[in-house]
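Student: Protein sequence lines correspond, in order, to chains X and F.
In this text, residue positions in the first sequence follow the working numbering: the first is 1, and each later residue adds one.
In this text, residue positions in the second sequence follow the working numbering: the first is 1, and each later residue adds one.
Everything labelled a hint here was simulated from the structure, so no lab data went into it.
Glycine included, every Cβ here is placed at the ideal spot set by N, Cα and C.
Take the hints with a grain of salt, since some may be wrong.
[Claimed, not checked] Listed next, the in silico DSS-like pairs over lysine-lysine satisfying Cα-Cα at most 27 Å (straight line):
{"#": "1", "chain 1": "X", "residue 1": "K238", "chain 2": "X", "residue 2": "K173"}
{"#": "2", "chain 1": "X", "residue 1": "K55", "chain 2": "X", "residue 2": "K89"}
{"#": "3", "chain 1": "X", "residue 1": "K149", "chain 2": "F", "residue 2": "K18"}
{"#": "4", "chain 1": "X", "residue 1": "K149", "chain 2": "X", "residue 2": "K173"}
{"#": "5", "chain 1": "X", "residue 1": "K173", "chain 2": "X", "residue 2": "K144"}
{"#": "6", "chain 1": "X", "residue 1": "K144", "chain 2": "X", "residue 2": "K238"}
{"#": "7", "chain 1": "F", "residue 1": "K36", "chain 2": "X", "residue 2": "K55"}
{"#": "8", "chain 1": "X", "residue 1": "K161", "chain 2": "X", "residue 2": "K94"}
{"#": "9", "chain 1": "X", "residue 1": "K55", "chain 2": "X", "residue 2": "K9"}
{"#": "10", "chain 1": "X", "residue 1": "K161", "chain 2": "X", "residue 2": "K144"}
{"#": "11", "chain 1": "X", "residue 1": "K55", "chain 2": "F", "residue 2": "K18"}
{"#": "12", "chain 1": "F", "residue 1": "K36", "chain 2": "F", "residue 2": "K18"}
{"#": "13", "chain 1": "X", "residue 1": "K9", "chain 2": "F", "residue 2": "K36"}
{"#": "14", "chain 1": "X", "residue 1": "K94", "chain 2": "X", "residue 2": "K144"}
{"#": "15", "chain 1": "X", "residue 1": "K149", "chain 2": "X", "residue 2": "K94"}
{"#": "16", "chain 1": "F", "residue 1": "K43", "chain 2": "X", "residue 2": "K149"}
{"#": "17", "chain 1": "F", "residue 1": "K18", "chain 2": "F", "residue 2": "K43"}
{"#": "18", "chain 1": "X", "residue 1": "K149", "chain 2": "X", "residue 2": "K238"}
{"#": "19", "chain 1": "X", "residue 1": "K9", "chain 2": "X", "residue 2": "K144"}
{"#": "20", "chain 1": "X", "residue 1": "K144", "chain 2": "F", "residue 2": "K18"}
{"#": "21", "chain 1": "X", "residue 1": "K9", "chain 2": "X", "residue 2": "K89"}
{"#": "22", "chain 1": "X", "residue 1": "K149", "chain 2": "X", "residue 2": "K89"}
{"#": "23", "chain 1": "F", "residue 1": "K18", "chain 2": "X", "residue 2": "K89"}
{"#": "24", "chain 1": "X", "residue 1": "K94", "chain 2": "F", "residue 2": "K43"}
{"#": "25", "chain 1": "F", "residue 1": "K18", "chain 2": "X", "residue 2": "K173"}
{"#": "26", "chain 1": "F", "residue 1": "K43", "chain 2": "X", "residue 2": "K9"}
{"#": "27", "chain 1": "X", "residue 1": "K238", "chain 2": "X", "residue 2": "K161"}
{"#": "28", "chain 1": "X", "residue 1": "K89", "chain 2": "X", "residue 2": "K144"}
{"#": "29", "chain 1": "X", "residue 1": "K161", "chain 2": "X", "residue 2": "K173"}
{"#": "30", "chain 1": "X", "residue 1": "K161", "chain 2": "X", "residue 2": "K9"}
[Said to hold, decoys possible] Chain F regions said to be covered by chain X (calculated; three or more residues, Cβ under 8 Å):
{"#": "31", "stretch": "14-21"}
{"#": "32", "stretch": "27-35"}
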Amino acid sequence: MGVISDVFKSMLNYIGLFRNLRRVELMHDHEVEAEGSYGGGLHREWTEYREALLKALVLALNHPDHPAEHLHSLSICNLEDVTNYDLVKSGDFKAILSRLDTLELCITTDEHEAAPESAIESAQRHILFGRDLRQYWLEPLQEKLVNLKIYSNCLWGYLPKCDLRGLHFPHLKSLSLGNMTFTHDWQLDWIISHADTLETLTLDDCPIIHEAMLGNDFDSERYVPFDDTQFLWRYVEKPYHWTYGARWHDYFRRLHIGLPHLQRFGIDRGP
Amino acid sequence: MAAIKRHISHRLHLLPTKESALAARAVLEDNELNTKITTLSIKASLEDVDSEIKLTWDPPSWADTEPELYGDGAEHGIEVNGGDL
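Hey, can you work out the whole structure from these sequences and the hints?
Tutor: Dropping the structure here:
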């Protein structure tokens with residue numbers, strides 16, 4: 001057991017005293033272990049520790065005597081897919097977000113090493129990608145965000161569903177998505193809806209899912225109802241099936257035509 | 001410190017250790033270095049520490065009842081069962 005030093009806590013509390021501080025990067029360990037998971041216990045940070053550190057960071061950046069006034073860029077690597085609602089609803093958290101034009105999140109989920117097929121049922125990741133990411137991180141930033149990066153260690157977009165429709169960043173110049181699955185035309189439409197400003201687009205290890213078989217019935221848009229995700233991998237004699245016809249040549253054509261200001265486009269499998 | 005001032009990056013790294021915090025504080029309190037820092041990079045855990053050693057922000061609630069798991073005197077500094085890492 002290692003208890004964090006009071007000297008470190010004190011230093012963290014003073015970071016607003018760096019007079020030209022523009023960007024803060026917080027890097028957590030890539031292993032998480034959720035309650036009831038089957039992980040191997042290799043994680044170095046409990047959820048409680050992660051939450052306490054993030055809370056202390058937010059309080060420090062919005063310190064009443066010495067806030068980080070010039071902060072405009074926040075990067076959190078390996079953010080656990082657990083939302084502390086007291087924190088994200090707090091005035092300090094909202095005050096920090098209001099200063100940002102750059103947000104980079106790499107979301108880490110419990111990988112269930114012993115039973116990887118069950119990880120897709122994790123309620124946490126469905127809640128985060130299905131609701132909290134949008135409600136507490138992205139919506140408050142709509143009017144100001146210039147650079148947005150969303151990565152995760154799990155494939156996201158379809159399962160867990162992440163519906164970005166209706167969300168618009170009128171000043172967005174750079175968008176990077178990592179490990180996001182394309183399963184619906186609206187996802188491409190959403191990217192192209194930023195045509196007036198978007199100059200850089202990176203799709204890092206973002207596959208198009210052509211076909212899927214599920215143990216659950218899906219709605220009219222081929223999405224699994226949020227409450228049914230705990231039964232996703234059960235065996236069924238007649239699985240539900242869907243296909244998606246779009247291919248990369250369709251996407252490239254639409255991106256080429258739809259994003260006239262695009263100067264840099266990256267697509268690959270990153271490290 | 002003069003050599004540090006000549007070669008300092010705009011980025012300051014902060015680890016969750018007493019030593020790292022003291023080094024960062026020295027930069028903070030130096031008027032010249034302070035203004036050069038534009039990026040603060042905080043690493044929340046230590047890779048060279050056994051993963052069996054979990055970091056905690058505060059002493060856990062069970063510290064008094066299970067001292068063999070927690071040790072004593074761990075309220076200041078990063079310590080493992082009461083000893084410095």
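Student: Hint by hint, say whether it matches the structure.
Tutor: For each hint, the structure was consulted:
1. K238/X to K173/X: Roughly 45 Å separates the two Cα atoms, so the pair is violated.
2. K55/X to K89/X: holds, 12 Å
3. K149/X to K18/F: violated, 32 Å
4. K149/X to K173/X: holds, 11 Å
5. K173/X to K144/X: Distance of about 11 Å is within 27 Å: holds.
6. K144/X to K238/X: Between K144/X and K238/X the Cα gap is close to 48 Å, so the pair fails against 27 Å, i.e. violated.
7. K36/F to K55/X: Roughly 26 Å separates the two Cα atoms, so the pair holds.
8. K161/X to K94/X: holds, 25 Å
9. K55/X to K9/X: holds, 11 Å
10. K161/X to K144/X: Between K161/X and K144/X the Cα gap is close to 25 Å, so the pair holds against 27 Å.
11. K55/X to K18/F: holds, 20 Å
12. K36/F to K18/F: Given pair K36/F, K18/F holds - Cα atoms ~23 Å apart, limit 27 Å.
13. K9/X to K36/F: holds, 22 Å
14. K94/X to K144/X: Holds, because 13 Å separates the two Cα atoms, which is no more than 27 Å.
15. K149/X to K94/X: holds, 19 Å
16. K43/F to K149/X: Judged against 27 Å, a Cα distance of about 19 Å means the pair holds.
17. K18/F to K43/F: Holds, at roughly 13 Å.
18. K149/X to K238/X: Roughly 38 Å between the alpha carbons, so the hint for K149/X and K238/X is violated.
19. K9/X to K144/X: violated, 31 Å
20. K144/X to K18/F: With Cα atoms ~37 Å apart, K144/X and K18/F exceed 27 Å; violated.
21. K9/X to K89/X: holds, 23 Å
22. K149/X to K89/X: holds, 22 Å
23. K18/F to K89/X: Roughly 31 Å separates the two Cα atoms, so the pair is violated.
24. K94/X to K43/F: holds, 23 Å
25. K18/F to K173/X: violated, 40 Å
26. K43/F to K9/X: holds, 13 Å
27. K238/X to K161/X: Between K238/X and K161/X the Cα gap is close to 23 Å, so the pair holds against 27 Å.
28. K89/X to K144/X: holds, 19 Å
29. K161/X to K173/X: Holds: K161/X and K173/X sit about 24 Å apart, inside 27 Å.
30. K161/X to K9/X: Violated: K161/X and K9/X sit about 37 Å apart, past 27 Å.
31. 14-21: As far as the stretch 14-21 of chain F goes, the hint holds, because 6 residues have Cβ atoms under 8 Å from chain X.
32. 27-35: holds (count 3)
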